[in-house]
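Fit chain B to the given chain A structure using the hints.
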Amino acid sequence: MRVGVVALQGDFAEHESWLRAAGHEVWEIRRPQDVAPGGRPPDMLVFPGGESTVQRKLLADLELAEPLGELVDGGVEVLATCAGLILLAKQVDGRDNPWGRLDVSVRRNAYGRQLGSFVGGDRVFIRAPAIESVGPTVEVLSELDGKPVAVRQGAIRAYCYHPELVWAHNRRL
Amino acid sequence: MNERQELNRNLAQMLKGGVIMDVTTPEQARIAEDAGACAVMALERIPADIRAAGGVSRMSDPAMIRGIQEAVSIPVMAKCRIGHIAEARILEAIEIDYIDESEVLSPADDVRHIDKTKFAVPFVCGARDLGEALRRIGEGATMIRTKGEPGTGDVVQAVRHMRKMQGEIRRIASLREDGLYEAAKELAAPLDLVRFVHANGKLPVVNFAAGGVATPADAALMMELGAEGVFVGSGIFKSGDPAKRAAAIVQAVTNWQDAKLLARISENLGPAMVGINADEIETIMEERGK
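Protein sequence lines correspond, in order, to chains A and B.
The numbering used here applies: residue 1 is where the first sequence begins, and numbers increase by one.
The numbering used here applies: residue 1001 is where the second sequence begins, and numbers increase by one.
Hints were generated in silico from the structure; no laboratory data involved.
Please note: incorrect hints may appear among the correct ones.
[Said to hold, decoys possible] With a straight-line Cα cutoff of 20 Å, these simulated SDA-like cross-link-like pairs (lysine to any residue) come out:
{"#": "1", "chain 1": "B", "residue 1": "Lys1244", "chain 2": "A", "residue 2": "Arg56"}
{"#": "2", "chain 1": "B", "residue 1": "Lys1260", "chain 2": "A", "residue 2": "Val35"}
{"#": "3", "chain 1": "B", "residue 1": "Lys1118", "chain 2": "A", "residue 2": "Gly116"}
{"#": "4", "chain 1": "B", "residue 1": "Lys1202", "chain 2": "A", "residue 2": "Ala13"}
{"#": "5", "chain 1": "B", "residue 1": "Lys1244", "chain 2": "A", "residue 2": "Leu62"}
{"#": "6", "chain 1": "B", "residue 1": "Lys1202", "chain 2": "A", "residue 2": "Ser17"}
{"#": "7", "chain 1": "B", "residue 1": "Lys1260", "chain 2": "A", "residue 2": "Pro37"}
{"#": "8", "chain 1": "B", "residue 1": "Lys1260", "chain 2": "A", "residue 2": "Arg31"}
{"#": "9", "chain 1": "B", "residue 1": "Lys1260", "chain 2": "A", "residue 2": "Leu64"}
{"#": "10", "chain 1": "B", "residue 1": "Lys1244", "chain 2": "A", "residue 2": "Ala60"}
{"#": "11", "chain 1": "B", "residue 1": "Lys1118", "chain 2": "A", "residue 2": "Arg113"}
[Stated by the list, open to error] Simulated DEER-style distance windows between Cβ atoms:
{"#": "12", "chain 1": "B", "residue 1": "Arg1171", "chain 2": "A", "residue 2": "Pro32", "range": "35 to 45 Å"}
{"#": "13", "chain 1": "A", "residue 1": "Ala65", "chain 2": "B", "residue 2": "Ala1263", "range": "17 to 27 Å"}
{"#": "14", "chain 1": "A", "residue 1": "Asp43", "chain 2": "B", "residue 2": "Lys1260", "range": "26 to 36 Å"}
{"#": "15", "chain 1": "B", "residue 1": "Lys1185", "chain 2": "A", "residue 2": "Gly69", "range": "20 to 30 Å"}
{"#": "16", "chain 1": "B", "residue 1": "Pro1190", "chain 2": "A", "residue 2": "Gly69", "range": "25 to 35 Å"}
{"#": "17", "chain 1": "B", "residue 1": "Asn1277", "chain 2": "A", "residue 2": "Lys147", "range": "54 to 64 Å"}
{"#": "18", "chain 1": "B", "residue 1": "Ala1259", "chain 2": "A", "residue 2": "Gly69", "range": "19 to 29 Å"}
{"#": "19", "chain 1": "B", "residue 1": "Pro1190", "chain 2": "A", "residue 2": "Gly74", "range": "43 to 53 Å"}
{"#": "20", "chain 1": "B", "residue 1": "Glu1282", "chain 2": "A", "residue 2": "His24", "range": "31 to 41 Å"}
Just so you know, these numbers come straight off a predicted model, no measurement behind them.
No residue lacks a Cβ here, since even glycine has one placed at the ideal position from N, Cα and C.
So that you can see chain A by itself, here it is in the shape it has in the complex:
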């Protein structure tokens, strides 16, 4: 698969390393000209973990909101983790997120500050958001304490936790 990783800020390199290890063709999207190099859009877009406030600002400042929004609306496969989930959520902290595409309501830093970060089973939560409600077209893929932590809506999959870090956790120093 050809995968464009939105590399504005955060742990995009960790996503890239496991995608490459899985045999995919991967490139970084930092500017409008990176979205569809040679006129070929990606088969999959990755919105990595990081700080959502930074990523949202850069999405606008670097003129990526529109071209990436069009790709998502066109049905490209999307993988979003943590900050990526917040970018895509239609509601964030009780407010409408104009760029949102995923019919969920999320609360940022729902587990508190860094001392609240934790590992639940094989899932790594870092200053993680919580999904507080989901729309009718959203399927819940996994739960923690009865609350959704991974969801799917059409071609979009989004996680409160960091699947890209599990691999790193399994080969601890």
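Structure of chain B alone, referenced to chain A:
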């Protein structure tokens, strides 16, 4: 390494490609967050003013730090003195997101650093070379930064430290395995961490640039040299237009390879901090804690 330390390394991974800004008030913290800071460092005086004031510089008032924690949703860091276990415990008690055991403050212990493995809260520490970085990681630091001379606006030391560290990493990676014992001895660093560097060609934790970054070009330079993100101290709120300069530095860290974009965002930023030539100062903070 325990699970908490792994989680703390993970938070640093989420900060990568970002800019951590020094702020002294809730208002500055909000300006920094709006400009795209991935975290803020809460402190009473920025390094340029610490340098100007002289005297003993200590951990900030917890009430001041709390005010900043309430003002923003991004991670909040704060500094404790090198070796000051009690200041670190106080910062942990107010649930700071990251402690910077920092040479910018007056050292409390001129020999030992804090045993950071005894804390749940994460620590970032400064390092001028690979040995210093690995000693700090051995003590439990989960993030490393250069020790560029703070409060000067002069990037020369940060460049020196980053080049030295990256050069040493490349050298370790190129060694035969049976050369690692001697290398660990020379670096005065734990053998298991030297082995990690040999096998992976990088530090086991995230490595940022800090000290003397004042312009988008400075930030881009540090990224070019291998930094994974940038701390900006006095460079933002000692400049003419903090919000604009901060936003430009954030964009420079993401698109450090695009010179045309760097040229555009470097335009009309107003006066940069005046700065002090790092060779002309009397207090050399990078010498603190080795």
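Status of the hints after comparison with the structure:
Of the pairs offered as hints, the one joining lysine 1244 of chain B and arginine 56 of chain A holds, with about 17 Å between alpha carbons and a cut-off of 20 Å not exceeded. This hinted pair checks out: lysine 1260 of chain B and valine 35 of chain A have alpha carbons roughly 18 Å apart, not beyond 20 Å. A threshold of 20 Å between alpha carbons decides the hint, and for lysine 1118 of chain B with glycine 116 of chain A the separation of about 17 Å falls inside it, so the pair holds. At roughly 13 Å between alpha-carbon atoms, lysine 1202 of chain B and alanine 13 of chain A fall within 20 Å of each other, so this suggested pair holds.
For the given pair, lysine 1244 of chain B sits about 15 Å from leucine 62 of chain A by alpha-carbon distance, which is consistent with the 20 Å threshold. At most 20 Å may separate the alpha-carbon atoms for a hinted pair to count; lysine 1202 of chain B and serine 17 of chain A meet this at roughly 14 Å. For the hint linking lysine 1260 of chain B to proline 37 of chain A, the alpha-carbon distance of about 18 Å falls within 20 Å, and the restraint holds. Distance restraint check for lysine 1260 of chain B and arginine 31 of chain A: the Cα-Cα separation of roughly 12 Å lies within the 20 Å cut-off, and the hinted pair is therefore satisfied.
In summary, the hint linking lysine 1260 of chain B to leucine 64 of chain A is supported, as the alpha carbons are separated by about 17 Å, within the 20 Å threshold. This hinted pair checks out: lysine 1244 of chain B and alanine 60 of chain A have alpha carbons roughly 15 Å apart, not beyond 20 Å. In summary, the hint linking lysine 1118 of chain B to arginine 113 of chain A is supported, as the alpha carbons are separated by about 19 Å, within the 20 Å threshold. Here the CB-CB span from arginine 1171 of chain B to proline 32 of chain A is close to 40 Å, well matched to the stated 35 to 45 Å.
Evaluation of the 17 to 27 Å hint for alanine 65 of chain A and alanine 1263 of chain B yields a pass: the beta carbon distance comes to about 23 Å. Between aspartate 43 of chain A and lysine 1260 of chain B, the C-beta spacing of about 29 Å keeps the proposed range 26 to 36 Å intact. For lysine 1185 of chain B and glycine 69 of chain A, the hinted distance range of 20 to 30 Å is not satisfied, since their beta carbons lie about 56 Å from each other. Distance hint for proline 1190 of chain B and glycine 69 of chain A: a CB-CB separation of about 48 Å, inconsistent with the stated range 25 to 35 Å.
For asparagine 1277 of chain B and lysine 147 of chain A, the Cβ-Cβ distance of about 56 Å falls inside the hinted range of 54 to 64 Å, so the restraint holds. Look at alanine 1259 of chain B against glycine 69 of chain A: about 28 Å separates their beta carbons, and that is inside 19 to 29 Å. Range check, proline 1190 of chain B to glycine 74 of chain A: about 51 Å between beta-carbon atoms, so the 43 to 53 Å window is met. The given range of 31 to 41 Å is broken by glutamate 1282 of chain B and histidine 24 of chain A, whose C-beta atoms sit roughly 55 Å from each other.
Checked against the numbered hints above, the structure breaks hints 15, 16 and 20 and satisfies the rest.
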